[in-house]
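**Student:** So the chains spell out like this:
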Amino acid sequence: MNHSVSELIQGIHRLARGLPPMTIMEVCGTHTACIQKHGIPSLLPDNITLVSGPGCPVCVTAEEEIAQAIFMARQQGVIFTCFGDMMRVPCQQGSLYALYEQGKEVRLVTSPMDALKIAIDNPSKQVVYFGVGFETTTPHTAALAEAVAAQSIPNLCVFNTHKTMPAAIRQLLQKNHALDGLLCPGHVASVIGWEAFSFVSQDLHLPAVVAGFEAFDILAALLRLVDMVKKQSPHCVNMYPRAVSKEGNPQALCLLHQVMEPADAAWRGLGIIQNSGVRFQQEYQFLDAGHRFTLPVFSPSKPKGCMCANILRGEKTPKACVHFGKTCTPDHPVGPCMVSSEGSCAAFYRYKEA
Amino acid sequence: MDDHITLAHGSGGVKYRELVEEIFLHAFTNDYLSPLTDSAILPGGDILAMTTDSYVVQPLFFPGGDIGSLAISGTVNDLTVSGAIPQYISVGMILEAGLETSLLRSVVNSMAQTAKEAGVYIVTGDTKVIENRGGSDGLFINTAGIGIFPAQRVRPQQIIEPGDKIILSGYIACHGMAVMAKREGFVFAPPIESDAKPLNSLVETVFSQGYPVHAMRDPTRGGVAATLCEWVTEQTDILVEEPCIPLRPDVSAACQLLGLDPLYIANEGIVVFAVPAFCADDVLATIQSHPHGTHAAIIGEALEGSGMVKLKTTLGAQRRIALPRGELLPRIC
Chain A
396 MNHSVSELIQ GIHRLARGLP PMTIMEVCGT HTACIQKHGI PSLLPDNITL
446 VSGPGCPVCV TAEEEIAQAI FMARQQGVIF TCFGDMMRVP CQQGSLYALY
496 EQGKEVRLVT SPMDALKIAI DNPSKQVVYF GVGFETTTPH TAALAEAVAA
546 QSIPNLCVFN THKTMPAAIR QLLQKNHALD GLLCPGHVAS VIGWEAFSFV
596 SQDLHLPAVV AGFEAFDILA ALLRLVDMVK KQSPHCVNMY PRAVSKEGNP
646 QALCLLHQVM EPADAAWRGL GIIQNSGVRF QQEYQFLDAG HRFTLPVFSP
696 SKPKGCMCAN ILRGEKTPKA CVHFGKTCTP DHPVGPCMVS SEGSCAAFYR
746 YKEA
Chain B
2 MDDHITLAHG SGGVKYRELV EEIFLHAFTN DYLSPLTDSA ILPGGDILAM
52 TTDSYVVQPL FFPGGDIGSL AISGTVNDLT VSGAIPQYIS VGMILEAGLE
102 TSLLRSVVNS MAQTAKEAGV YIVTGDTKVI ENRGGSDGLF INTAGIGIFP
152 AQRVRPQQII EPGDKIILSG YIACHGMAVM AKREGFVFAP PIESDAKPLN
202 SLVETVFSQG YPVHAMRDPT RGGVAATLCE WVTEQTDILV EEPCIPLRPD
252 VSAACQLLGL DPLYIANEGI VVFAVPAFCA DDVLATIQSH PHGTHAAIIG
302 EALEGSGMVK LKTTLGAQRR IALPRGELLP RIC
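For the record, the sequence lines run as chains A and B. Reading the first sequence from the start, the letters are residues 396 to 749 in the numbering used here. Reading the second sequence from the start, the letters are residues 2 to 334 in the numbering used here.
Hints are not guaranteed to be accurate.
What the hints assert, rightly or not - Heads up, simulated DSBU-like pairs for lysine-lysine below, C-alpha to C-alpha not over 35 Å straight-line:
{"no.": "1", "chain 1": "A", "residue 1": "Lys499", "chain 2": "B", "residue 2": "Lys129"}
{"no.": "2", "chain 1": "B", "residue 1": "Lys311", "chain 2": "A", "residue 2": "Lys711"}
{"no.": "3", "chain 1": "B", "residue 1": "Lys129", "chain 2": "A", "residue 2": "Lys520"}
{"no.": "4", "chain 1": "A", "residue 1": "Lys499", "chain 2": "A", "residue 2": "Lys512"}
{"no.": "5", "chain 1": "A", "residue 1": "Lys626", "chain 2": "A", "residue 2": "Lys714"}
Unchecked claim - Pulled from the structure, derived: some chain A residues nowhere near chain B, Cβ distances all over 12 Å:
{"no.": "6", "residue": "Asn442"}
{"no.": "7", "residue": "Glu459"}
{"no.": "8", "residue": "Ala462"}
{"no.": "9", "residue": "Leu494"}
{"no.": "10", "residue": "Lys520"}
{"no.": "11", "residue": "Pro561"}
{"no.": "12", "residue": "Ala562"}
{"no.": "13", "residue": "Ala573"}
{"no.": "14", "residue": "Phe594"}
{"no.": "15", "residue": "Asp622"}
{"no.": "16", "residue": "Glu642"}
{"no.": "17", "residue": "Cys649"}
{"no.": "18", "residue": "Gln669"}
{"no.": "19", "residue": "Gln680"}
{"no.": "20", "residue": "Phe681"}
{"no.": "21", "residue": "Pro695"}
Quick caveat, the hints were computed from the structure, so don't treat them as lab data. Idealized CB from N, CA, C, for every residue including glycine.
Hey, can you work out the whole structure from these sequences and the hints?
**Tutor:** Structural data, given as structure tokens:
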């Protein structure tokens, strides 16, 4: 691990020389943003292609769920709380940001506990917390649920759209045979443990590396992946030991299991994937927004020509989409991948090679 | 003086007079303002620079400054980067009824202090009190500023030329992150402080040496990225070296935490210069010799090109810097 960055880059070039083209997928939005920010693709040999998986929580939140969020935020007496970049995601019904600009009570929070404070400060309002994200944010929602239950807060509920990574990755890798290796999400692994990704090498015979978020981490992980591809020796390797253990974070997992249980979840672009989400355990179900609102059922629209689904599955890069950079820009996103700065299209657009 | 501002303070009567004399005149007093005539009568030069700006920042007070110091610094700096010497400022205030008088007094005193530091006169003003619409502290400031050009001053043309070096006078992103941290309740220890300050004396040291400045800008909204993107033309590119950009580690960490790119965050206390290469090192040394320019650095250069701002990353790769879009929102994770 004493390589300098340039040694790592040289090492990747040396190892990849003469190998057939290979495609490596990263499945964490922060990895995507970091890769584009540092211009890593332009430093790699031509036979290595990086594609982004479904690791941007904003991008994979189902359109019908965003429509339901907007429905709740429009109701009188409701304060709707959500994370920043979730506000901009468009759907046929508009966006939360548009409601915010119209003066509706849509509030940006940076922690679920902000929603608790808002609920306590506004007892006459129904506060909805939009639970979005993977195993990294789900324990925080569980902590909120526990606090709401313990303090008997009557006016806070959770619109839960949380998702879990392993089942989605398994399905994706089973369907996309063009992938040669996986850069595993370091943040998710810090919660659920690196062993949760061992199925990638054991069952699907692909190399997998859990990586951190510095440029050095990513390059070191890529070097290791290329090495395993070359030697045809797939393993699941933890190269982020300063944050990730084999078993994960027991406290977070304990809280998560106490409040929630596995459930099927709808992913934008991927459809419904078994056991790729969570729902509240019986004693916490009263917190579910579905129990407080009669939520209409919306059907998703797919803008003609939008390739977000293929991009989320790692089958296409943003450049392949007819909308990219033309009708679909960060100002006017057509598909979800252009919305969040973590989205592969937005990262690609913002940082495209000069 | 009452503890709170009421609609009567905007009525033009006794209470209005009280407000003007006890708060504004008390803090701002000078020979041009004191007659309280409808217009200030001012000595000036042949060519003047004039600017206006409005300040609606929330929260009103943040580490390193407040809406008052920001209003004066911002106006002074807008005049300064046009090459003028800031002289006079007008202050229009819109207050919501119910505003605490002590809060107003703090803001006004802060404006007076900043004006003194910058050597400018607040020469005329106006106050309106509106009904409380709730939800805010209800204090908004509009300013206008007038600056003069000394007879021998060569005004920057605000056009960069290939070969120009790009100099930043200090750390980037401090103001935007200080305000955002305060507004969103993020606690950093020690807190990130805004860099809001008048920059006229710093810029004057550069002009006093006679250096030719091709372009000069205070990179406020949209950050350094927006300024550089506005500078490039169809014939010029700018190449920025990422490792050369002055960025405090705490501000960098806060940006990472929120998923924000510091190049797009607002600044209120730095200037970006484009100067010919032959004098760039001397200009840099001059800036660094000023207390507001200690951390100045050459961050890149203008090249012949096609209107693109490019960043050479710490890894040696190049990526594009595009104009910022929309309001910056923190990322989920």
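**Student:** Now look at each hint and say whether the structure bears it out.
**Tutor:** Cross-check of the supplied hints:
Our distance criterion of 35 Å between C-alpha atoms is met by Lys499 (chain A) and Lys129 (chain B), whose separation comes to about 28 Å. At roughly 26 Å between alpha-carbon atoms, Lys311 (chain B) and Lys711 (chain A) fall within 35 Å of each other, so this suggested pair holds. A hinted pair counts as satisfied when its Cα atoms are at most 35 Å apart, and Lys129 (chain B) with Lys520 (chain A) qualifies at roughly 34 Å. Only pairs whose Cα atoms come within 35 Å are accepted, and Lys499 (chain A) paired with Lys512 (chain A) is accepted, the gap being roughly 19 Å.
With a C-alpha separation of about 31 Å, the suggested pairing of Lys626 (chain A) with Lys714 (chain A) holds against the 35 Å cut-off. Every CB of chain B is more than 12 Å from the CB of Asn442 (chain A) (nearest about 18 Å), matching its label as outside the interface. Distance check on Glu459 (chain A): its Cβ is at least 19 Å (rounded) from any Cβ of chain B, clearing the 12 Å threshold; non-interface status holds. With a minimum CB-CB distance of about 19 Å to chain B, Ala462 (chain A) clears the 12 Å threshold, and the non-interface call stands.
Even its closest Cβ contact with chain B, about 14 Å, leaves Leu494 (chain A) beyond 12 Å, as expected for a residue assigned away from the interface. At roughly 14 Å from the closest C-beta of chain B, the C-beta of Lys520 (chain A) stays outside 12 Å, upholding its exclusion from the interface. Non-interface call for Pro561 (chain A) relative to chain B: holds, since the shortest CB-CB distance, roughly 17 Å, exceeds 12 Å. Every beta carbon of chain B lies more than 12 Å from that of Ala562 (chain A), the smallest distance being close to 19 Å; the non-interface claim holds.
No Cβ of chain B comes within 12 Å of the Cβ of Ala573 (chain A); the nearest lies about 25 Å off, and the non-interface call holds. Its beta-carbon lying about 23 Å from the closest one in chain B, Phe594 (chain A) satisfies the requirement of being farther than 12 Å from that chain. Asp622 (chain A), annotated as away from the interface, keeps every beta carbon of chain B farther than 12 Å; the closest lies near 20 Å. Every beta carbon of chain B lies more than 12 Å from that of Glu642 (chain A), the smallest distance being close to 21 Å; the non-interface claim holds.
Against chain B, the non-interface label of Cys649 (chain A) holds: every CB pair exceeds 12 Å, the least being about 21 Å. Non-interface status of Gln669 (chain A) relative to chain B is upheld: no Cβ of that chain comes within 12 Å, the nearest being about 24 Å off. With a closest Cβ-Cβ approach of about 25 Å to chain B, Gln680 (chain A) is found to remain outside the 12 Å limit, as its non-interface label requires. Annotated as non-interface, Phe681 (chain A) keeps its C-beta farther than 12 Å from every C-beta of chain B; the closest such distance is 26 Å.
For Pro695 (chain A), the non-interface assignment is confirmed: its Cβ lies about 21 Å from the closest Cβ of chain B, beyond the 12 Å cut-off.
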